[in-house]
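Novice: Protein chains in written order, with the working numbering: chain A, 1 to 466; chain B, 1001 to 1466.
It should be emphasised that the hints constitute simulated quantities derived from the structure, not laboratory data. Where is the CB? At the ideal position from N, CA and C, for every residue including glycine. A few of these clues could be false.
To be verified - FRET-style restraints, in silico, Cβ to Cβ: (1) D1402/B x V124/A: 39 to 47 Å; (2) A1271/B x D110/A: 34 to 42 Å; (3) H396/A x D1435/B: 47 to 55 Å; (4) I369/A x A1250/B: 28 to 36 Å; (5) D1009/B x D399/A: 31 to 39 Å; (6) D435/A x G1434/B: 44 to 52 Å; (7) A1271/B x E58/A: 56 to 64 Å; (8) E1439/B x G22/A: 30 to 38 Å; (9) V1224/B x M100/A: 30 to 38 Å.
2 protein chains.
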Amino acid sequence: MTAPAGPADGSAVVSALREALGDAVVTTSARLEAVRADKSGHRSASRPLAIVDARSVEDVQATMRIATSTRTPVVTRGAGTGLAGAAMAGAGEIVLSTLMMDRVLEIDEDDLLAVVQPGILNGVFNDLLADRGLWFAPDPASRAISTVGGNIATGAGGLLCAKYGVTRDAVLGLTVVLADGRVIRTGHRSVKGVTGLDLTALMVGSEGLLGVVVEAIVRIRRRVAGTVATVACFFPDAASAARASSAITAAGVQPAVMELMDAASLRAVDALLGTSMGGAGAAHLVVQTDGPAAGEEAAAALDIVRSLGGTAELTTDLTEGERLLAVRRAMHPAMERLGTALIEDVSVPRSALPAMFAAIAEIEERFGITIPTVAHAGDGNLHPNFVVEGDSVPPHIWDAADALFTAALTLGGTLTGEHGIGVLKRRWLADELGDDQVELQRGVKAVFDPLGILNPGKVFDPLVVA
Amino acid sequence: MTAPAGPADGSAVVSALREALGDAVVTTSARLEAVRADKSGHRSASRPLAIVDARSVEDVQATMRIATSTRTPVVTRGAGTGLAGAAMAGAGEIVLSTLMMDRVLEIDEDDLLAVVQPGILNGVFNDLLADRGLWFAPDPASRAISTVGGNIATGAGGLLCAKYGVTRDAVLGLTVVLADGRVIRTGHRSVKGVTGLDLTALMVGSEGLLGVVVEAIVRIRRRVAGTVATVACFFPDAASAARASSAITAAGVQPAVMELMDAASLRAVDALLGTSMGGAGAAHLVVQTDGPAAGEEAAAALDIVRSLGGTAELTTDLTEGERLLAVRRAMHPAMERLGTALIEDVSVPRSALPAMFAAIAEIEERFGITIPTVAHAGDGNLHPNFVVEGDSVPPHIWDAADALFTAALTLGGTLTGEHGIGVLKRRWLADELGDDQVELQRGVKAVFDPLGILNPGKVFDPLVVA
Chain A
1 MTAPAGPADG
11 SAVVSALREA
21 LGDAVVTTSA
31 RLEAVRADKS
41 GHRSASRPLA
51 IVDARSVEDV
61 QATMRIATST
71 RTPVVTRGAG
81 TGLAGAAMAG
91 AGEIVLSTLM
101 MDRVLEIDED
111 DLLAVVQPGI
121 LNGVFNDLLA
131 DRGLWFAPDP
141 ASRAISTVGG
151 NIATGAGGLL
161 CAKYGVTRDA
171 VLGLTVVLAD
181 GRVIRTGHRS
191 VKGVTGLDLT
201 ALMVGSEGLL
211 GVVVEAIVRI
221 RRRVAGTVAT
231 VACFFPDAAS
241 AARASSAITA
251 AGVQPAVMEL
261 MDAASLRAVD
271 ALLGTSMGGA
281 GAAHLVVQTD
291 GPAAGEEAAA
301 ALDIVRSLGG
311 TAELTTDLTE
321 GERLLAVRRA
331 MHPAMERLGT
341 ALIEDVSVPR
351 SALPAMFAAI
361 AEIEERFGIT
371 IPTVAHAGDG
381 NLHPNFVVEG
391 DSVPPHIWDA
401 ADALFTAALT
411 LGGTLTGEHG
421 IGVLKRRWLA
431 DELGDDQVEL
441 QRGVKAVFDP
451 LGILNPGKVF
461 DPLVVA
Chain B
1001 MTAPAGPADG
1011 SAVVSALREA
1021 LGDAVVTTSA
1031 RLEAVRADKS
1041 GHRSASRPLA
1051 IVDARSVEDV
1061 QATMRIATST
1071 RTPVVTRGAG
1081 TGLAGAAMAG
1091 AGEIVLSTLM
1101 MDRVLEIDED
1111 DLLAVVQPGI
1121 LNGVFNDLLA
1131 DRGLWFAPDP
1141 ASRAISTVGG
1151 NIATGAGGLL
1161 CAKYGVTRDA
1171 VLGLTVVLAD
1181 GRVIRTGHRS
1191 VKGVTGLDLT
1201 ALMVGSEGLL
1211 GVVVEAIVRI
1221 RRRVAGTVAT
1231 VACFFPDAAS
1241 AARASSAITA
1251 AGVQPAVMEL
1261 MDAASLRAVD
1271 ALLGTSMGGA
1281 GAAHLVVQTD
1291 GPAAGEEAAA
1301 ALDIVRSLGG
1311 TAELTTDLTE
1321 GERLLAVRRA
1331 MHPAMERLGT
1341 ALIEDVSVPR
1351 SALPAMFAAI
1361 AEIEERFGIT
1371 IPTVAHAGDG
1381 NLHPNFVVEG
1391 DSVPPHIWDA
1401 ADALFTAALT
1411 LGGTLTGEHG
1421 IGVLKRRWLA
1431 DELGDDQVEL
1441 QRGVKAVFDP
1451 LGILNPGKVF
1461 DPLVVA
C-alpha cells in the first residue's frame, strides 16, 4: 500500500476498513457516542469515524495498516473505564476496540503464568483462576468492569499493590501490533530475562501511545494460605487515621489491603447505601492482613489503632471482611451520584500520608470546596474527588487540582499513581518530569509511532481539555 | 562548546578532560589495562584513552559534555564484575568510573527506600542495612565485589529472585546524566506512579547504552522474621535434581533460595575447597526457606526430595545453612581455576528446567565437551560454563553456545537471565527479539544517544568478538 501525502477523508477510511474487516466495523450512533467518553466524566467534542471490533491479531494488523496508509489516528480502547480520558475518541479517529479479544489462551499452574488476550475482564479472569486456587494480583477497584488490557495500558494499581506489586511487576511479556501493522513479541515466559532494552516494562502504562497490546503473558499467584483478618476502625478525623496507617506500616505490619476514607466520602457512601457511618469528623480505616502471619499482624494493627485514639473491630470471617471492604468499593458509584466527579490520583511516600491529608484540608479551606478523599493507605495513593455539576470543570477547580499536584510533588510523590495522564493531567506532565525528560519521552514515542497516529493528543499534548 | 565535525584526537580529549576534571583523570598503565576486561574472561584489543574517577554528578556531567563535544565514546563502569563484556573498554574510549561515587545518601525505614550512589557495593550496602534490620533483595552471587549501579545497568538477578523479585522491581527512581550532560530524574519515592513512559524500568538493564545512572532510589525490605531452614540434597544426576526442584515449586513451596549444581560443578568446587562432594553422577540441590512458614515449607521440600530419590539433610541453624550455600558461592572462583570460563546465563520457565538439563547433556555429547552447570533452580536461570584455555574462544565452543541458546529459546526462555548481552551475546540478539524489535530498540537508543557515544558496539553491534 502506498501512503498518500496527507490524511485521507473520513469516508474513504471507513470504506477501506469495511472492505478489509467487514462487519467488525461499527458506525452506529449509540456506539460512536459511547466512545466519546470514558469514566472520567469527560467527553470529546465530537464522534470518531468508526469503531473496529477486533476479533484477532490479524484484525488489529489490518486496522493499523489502513491507519498508517491513510494517516488516520487510532484510539485503542478496552472497556472504557479509564479515569484520565486516555481512551476518549473524537473527530477523524478510528477506535480500535480489543474488548472482543477476551480469551484466556493458557493457564500454566507450574510456571505460575497465564497468556491472555487484552479484552478479558479482570473479574472474569480472576474467577477462572479462582477455580484452580490461583489469582492475578492487579486489583483495580473497577475489576468487575475493567479489562486486563486496560490495566496494562494504564499501569493500573488497585488495593493490593503495597504487598503484591504493581501491574508492571505482573507482566512478563507482550505481543504488540506496531503502528504500521508489524508484530513484535517482548519479554519471555521465564522469571528472569534481560535481553536488550525492557520494552515490556516500557509498554506498561504507555496509554496507547506506542502500540496495541494484543496478547500478554502475566504472572499469576497461588491463593494465599491461612486466615484473612480484617480490622475496621473509626477515627475522629482523616489526619489521625492517616497517622495510624503510617504507624502500622512503620511497625513492620504488611497489610494486603489498607484503605482510608474521610468523612465526606463516608457521607456520600451513606447516601448511596443507606448506612450511617459519616458522623461529624469521622474517618474510616480498613486493614486486611493475609498469609501465615495474618492473625498476629491484625492484632498488632489493632493495638496501634487503639493507642492512636481509634475504635476498631476485628473479624476473621471472610464474608464479614468483604462486607467491611464493600464500603470502600462503593465510593466510585457514590461519587457519580453527586455529580461529575473528577477523581484525582496523587501518590506520595506512605510516611507523607498525614502531610498530604493536611494539604488537602488546606486546599479545601483556601478554595471553599469539599474534596471527598479515599486513599490506598498501604501504598500512599490518594483519590481526592472534585465534584462538579455538568460536563465542564470550572477554573477554580483546576486551580485547586493544581495546588493538589504541587503538594504531592513537593512531598516526593507523583501526579498519578495508577490512572495515567490521558488528557486530564497533560498540562502538569512537565512539572513532574521536567522538560528534558518530556523531550526524551516524545522522542521514544516517535520511534514507535513516526506518523503520530497512535492516540495523538494524549499524555504529551499540552493543550488543556475544557 | 561547539562540536567539531568528527572525533577529536585522543590526546586533545585527554587534555580537555584534565583541564575540567584534574586528577580525577587517570591514565596509568595498570588502570588502563584493567579496564580492558571484565569478569567474562574477555578483553578488548587495546587500551582506552583515559579513566575518569567521577566523584560527583558534576564530574559525570563534565565528562559527558566533553565526550559529546569531541564525539568520544564513553564506557560507564562500576566494579567491572560483569560477565558479558559490557564494561570492557578499548581504543579511543573514555572509561567513566562511578566506583568512587559510593555513598548511601539516605535510608528511610518508614517508606522502606534508600537513596544510593551507583558505586556502593551490594555487600557493603547490605551490611549497613542489616544494622537496622533491613536488606536490599537483589543478591548477585558477586555481591561482595559488585556495585548497585552494576546491578541496575545489567538488571542483575541472583539467588533470591523467584521470591523477592528482580532488580527492576527494586528500583523506584533514578537520576541519570544524559549523553550531552543534562540530568533527568525518573520515577518517584512512592510505591505507585504512572506519569508518562516508564523510563526508570527502561534504564534497568540498559547496559550503559542510554545514560549514566548517578543516583538511585531503591526499595529496601525489613528483615524477614522467623526461622531460615536449609535443605541440602544429593541426587544421582542433574536431571533428577531438576525434576525435584520443579516438583517443589509446583507443590506451592516458595523457597527464598533454590540452587542446583551438577556433578562437573561439584568436582570443580571440590578441587577448590578440598571437599569431596562430586561422586560419579552426583548432583546437589540446596533449598532455603524463610518467613513464617519456613519450617513447613522445608519439611514439604524434604518429603518431595526423598520421594524422588534424593538424600537430604535439613538444618535450621543459620551458620550451617550459610555453610551449605557457600558451596554454591564457590562456583565462580572454582571455574576460574580451570581456565577461561565462558559463563552462560540462559533462563527458562521453571517447569522446563529438566528439559534444559537434558538439552545440555545432548550438547555435551554432540560437541564432546563438559559443560559444568549450576542453576538458580527457583527461577529457572541456568549458568552453563564453557571452560577454554587462553583468551580466545574456539569456534566449536561458539557452536555449542549457539545450540544452547537455541534450546533455551525453544523452551520459552531467554539468552540471558541476568548478565546481559554486552559483546558476548550480540550475535544472538535478533534470534530472541526479532529484527523488527531490534530496529525499535536501536531507535530508542538513538533518542537517548543521537551521536552514538554511549557504549558503542555493545548489545546491538552484530560483530562477533574474538
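Novice: Tell me the numbers of any earlier hints that the structure contravenes, in ascending order.
Specialist: 4, 5, 6 and 9
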